[in-house]
Amino acid sequence: MLLEQTLAQIKEKFPDPVLETTEFAGEQILHVKGQDILIVLATLKANGFNFLADLTAIDNLTLGGYERFAVSYHLLCHKTAERLTVKAYVPEEKPSLPSVESLWKTADWQEREVFDLFGIIFEGHPNLIRIMNPDDYEGHPLKKDYPRLGRKERGDFPVIDRGIQKQKPSK
Amino acid sequence: MNHNDIKSNVLTTTLESAINWGRKNSLWPMPFGTACCGIEFMAVLAARTDIARFGAEAIRFSPRQSDLLIVAGRISIKMMPVLIRIYEQMPEPKWVISMGACASSGGVFDTYSVIQGIDQFIPVDVYVPGCPPRPEGVVESLMKIQNLIDKEKLSDYALSSSK
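Line by line, the protein sequences are chains A and B. Quick note, the first sequence lines up with residues 1 to 171 if you use this note's numbering. Quick note, the second sequence lines up with residues 1 to 163 if you use this note's numbering.
Simulated from the structure, these hints should not be mistaken for lab results. None of the values given here were measured: they were computed from a predicted structure. Wrong hints could be hidden among the right ones.
Derived DEER-like restraints, expressed as beta-carbon distance ranges [as the list claims (entries may be wrong)]:
id : chain 1 : residue 1 : chain 2 : residue 2 : range
1  : A       : Q9        : B       : K78       : 44 to 50 angstroms
2  : A       : G65       : B       : Q65       : 31 to 37 angstroms
3  : B       : N147      : A       : P158      : 25 to 31 angstroms
4  : B       : A46       : A       : K152      : 36 to 42 angstroms
5  : B       : T111      : A       : D36       : 54 to 60 angstroms
6  : A       : E67       : B       : D50       : 39 to 45 angstroms
Here are the simulated DSS-like pairs of lysine-lysine, each with C-alpha atoms no more than 30 angstroms apart in a straight line [unchecked claim]:
id : chain 1 : residue 1 : chain 2 : residue 2
7  : B       : K151      : B       : K7
8  : A       : K143      : A       : K33
9  : A       : K143      : B       : K78
10 : A       : K13       : A       : K105
11 : A       : K11       : A       : K94
12 : A       : K152      : B       : K7
13 : A       : K13       : A       : K79
14 : A       : K94       : A       : K79
15 : A       : K94       : A       : K33
16 : A       : K94       : A       : K152
17 : B       : K78       : A       : K94
18 : B       : K151      : B       : K94
19 : A       : K105      : B       : K78
20 : A       : K94       : A       : K45
21 : B       : K78       : A       : K144
Heads up, the beta-carbon is just placed ideally off N, CA and C, and yes, glycines get one too.
Here chain A stands alone, though its shape is the one from the complex (with noise of 0.2 angstroms):
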């Protein structure tokens, strides 16, 4: 009920913003434009929907989408149990849209999660570093592109010798 109510009244307050609105598995997706994201979700939980469950992305190079990079919410109403998917398209060559740590502070790690793998910038948060690579890592490795056994950073270590050079039984 809140979500029908409440997709009808985004729709209508932010028309430029909402690219559509689908349904699958019996779930609602809200697809909008990613520098809108923080208005529209700002609304959503202004609306009901206070708990942000989950933050991830999702390359869409084989997919097909309206945009490169989906940034994916998935918001959850503790009162009525319903629950609302928005994805955000990004563009490949400017891959950035809005932090929306202001409204929830779980989202500063998650963001930081989709950086470091998809390389998804989001303005404003308060510390974009890596958090799950070595912070001196190149690349980001969750995109669709890039090589599965990657760079050969697995490779890239000093090989350690015995301390004390066992000699090898003469016989």
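Guided by the hints, dock chain B onto chain A, whose structure is given.
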């Protein structure tokens, strides 16, 4: 002290076998558990397999107090520098067990971020296959390490400072 007392109280041996006997029956393992093999290693320590029977129950989480490194679990590219540092901190003589498929070969994780076998970078003495290995497998590896120690020669430890 008469002649019979000496016979029943004195044991003659070589220094080499006395030292090896002491070393192999008092291993102090340092567990480097990064995944499910680490959990399985806890089972090895518990009552059913009980590696106290082999004198290896003194688990130290400080590499400076241990002589047996047990690498249990997958090693990522972020963890490998840590593992190398820990190996280098262990005093000689030291031995390494690579426990499980991931530590030995990367296991199913053939990706950019997982080291495909720690033996590419640090010396490994005994490999334990399995995903994760049965506790009996780890006990077997411990006995293999004991056999290795038993066969060591003191001349192997000639001063290598000129290196």
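Which hint numbers does the structure go against, in order from smallest to largest? 2, 5, 6, 12, 14
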